[in-house]
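K.L.:
Take a look at the letters that make up each chain.
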Amino acid sequence: MIVNNAWYVAAWGDEITENPIPRRICNEPVVLYRTLDGQAVALQDSCCHRGAPLSLGTVIEKGIRCNYHGLIFGSDGACVEVPNQDMIPKKARVRNYPLVEKDQMLWIWIGDAEKADEKMIPDYPFHNDAVNWPHIHDMMPVKCHYLMLVDNLLDATHLAYVHPESVGGSAPSVHMVAKNSLDATDNGITLSREMSNAPPPPVYNNCVPFPGMIDRWQEFEFIAPSFVIQYSGGVQNGEDRKTAGAPRFDMRIWHALTPETDTSCFYFWSTSNGHETDNPAATKKIDSEIRKALAEDKVMVEAQQLRINEFGEEWLVDNKADAPRVMARRAVSRLQQKQNPEA
Amino acid sequence: MSEERSFEVKLAKSGKVLTIPADKSIVEILYENDIHHPISCEQGICATCIVKVLEGEPDHRDSILTNDERNVNREFTPCCSRAFSDLIVLDI
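Respectively, the protein sequence lines represent chains A and B. Under the numbering used here, the first residue of the first sequence carries the number 1, and numbering increases by one thereafter. Under the numbering used here, the first residue of the second sequence carries the number 1001, and numbering increases by one thereafter.
Among the clues, some could well be false.
[Unchecked claim] Away from chain A, derived, C-beta distances all over 10 Å, residues of chain B:
no. : residue
1   : A1022
2   : I1035
3   : L1054
4   : I1092
[Unchecked claim] For each label pair, taking beta carbons as the anchor points, the in silico distance ranges come out as:
no. : chain 1 : residue 1 : chain 2 : residue 2 : range
5   : A       : V299      : B       : E1003     : 45 to 55 Å
6   : A       : M1        : B       : S1006     : 34 to 44 Å
7   : B       : S1006     : A       : L182      : 25 to 35 Å
8   : B       : L1054     : A       : N309      : 32 to 42 Å
9   : B       : S1006     : A       : W315      : 32 to 42 Å
10  : B       : T1019     : A       : P29       : 54 to 64 Å
11  : B       : L1087     : A       : T190      : 34 to 44 Å
To be clear, the hints were calculated from the coordinates, so they are not data collected in a lab. Where a beta carbon is used, it is the ideal one built from N, C-alpha and C, also for glycine.
All chains should be modelled from the sequences, with the hints used to inform the complete structure.
P.N.:
Have a look at this one:
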């Protein structure tokens, strides 16, 4: 299910320049670019003259010029110039999508523009806090339905199997016996897990060597339809998580899954370093470690999507650990009903 | 878990009343009576079996319904949930 009347991350702010790029979002081809004065714009990626992609065009002072026959479109999508012709038909326009730049991301609204309320965009102020939470961000295309990655993020029982060499790294039993708390919110769920006296997973140890066992925490907030805000870390076993100094591991991860098609998505993520904030190498290290884990997930979910394409999902049987993802999907269904009551 | 109790389920669509013994679930008794209500996980996770409670006081045992879904929409998972009242009426 793709909720059209919702904000999605279309791009990182620094991905988009005066060189237009194509990106399919919620099954619609979109061209993203910045005007010469720096304003980010999202238009339908197809010229209203002969249908050519505007992403093959050029940004000039008057707007974006289609590089098939030279029509020029302003930021609102209206055609402003047809070469060798004085009259510009009123119908000569392409769709403009609401686009908001916030917390270093470009947020797009694909559905009914009149429903696009900027207040619905989740807050992630850590992206703007380079002093306390220096971060690195990136995007990875993944060939799976975007909610399969939400499922994956809210399911801890795969850590020991998919990520033994990265973020898992403990015996399956450590993840199975973790103390979990799961709650519904107005627009999603919160999930927290505490694992005491657990061996530090390889990622933690690679970043911050721990002499022995640690107490780990993982806190997730899912905001429908597709955002997971994660805070994870660990301190030496028995230390107070609030006050313990080094060795400690503190990491925030932003996960935003943007539907491309029904079976593919864009995974926008950032990793923020909270334990060695003045050391860019430590920020880089977290990023490179988490990248490994995401690549491990990508292999599994893409293979899973191929099987789901073949056999469907109706016959699948949930187990105990699926409660968070089922609650999350039900929150997405509620959002869909709220945003599309007539559907 | 405390000791289970027996209670009765009335199926609103047929008017049938079934007794659920302490050691069986509602859906087990439905199946014994050839009523093939959709189920999957059998432990209140997957939401496949959800039905509406029309009367009675449900004893929710699922892991996924929100308070609103339970109290406002009166949603209920007969695969694992039971009743505090002696009779519960389900929209089946």
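K.L.:
Confirm or reject each hint.
P.N.:
Hint by hint, here is what the structure shows:
No Cβ of chain A approaches the Cβ of B/A1022 within 10 Å, the least distance being about 23 Å, so the stated non-interface status holds. Listed as a non-interface residue, B/I1035 keeps its Cβ farther than 10 Å from every Cβ of chain A; the least gap is roughly 20 Å. For B/L1054, the condition that its CB be more than 10 Å from all CB atoms of chain A holds, with the nearest at approximately 22 Å. Once the 10 Å rule is applied to beta carbons, B/I1092 is consistent with being away from chain A; the minimum gap is 20 Å.
At roughly 48 Å, the beta carbons of A/V299 and B/E1003 sit within the given window of 45 to 55 Å. Separated by about 40 Å at the C-beta atoms, A/M1 and B/S1006 satisfy the suggested range of 34 to 44 Å. As the Cβ distance of B/S1006 to A/L182 is approximately 31 Å, the hint placing it in 25 to 35 Å holds. Between B/L1054 and A/N309 the beta carbon distance is about 40 Å. The supplied range of 32 to 42 Å therefore holds.
Between B/S1006 and A/W315 the beta carbon distance is about 33 Å. The supplied range of 32 to 42 Å therefore holds. In this structure the hint that B/T1019 and A/P29 lie 54 to 64 Å apart at CB holds, the actual value being about 60 Å. At about 36 Å, the CB distance of B/L1087 to A/T190 agrees with the hint of 34 to 44 Å.
Going down the numbered hints, you'll see the structure goes against none, and every one checks out.
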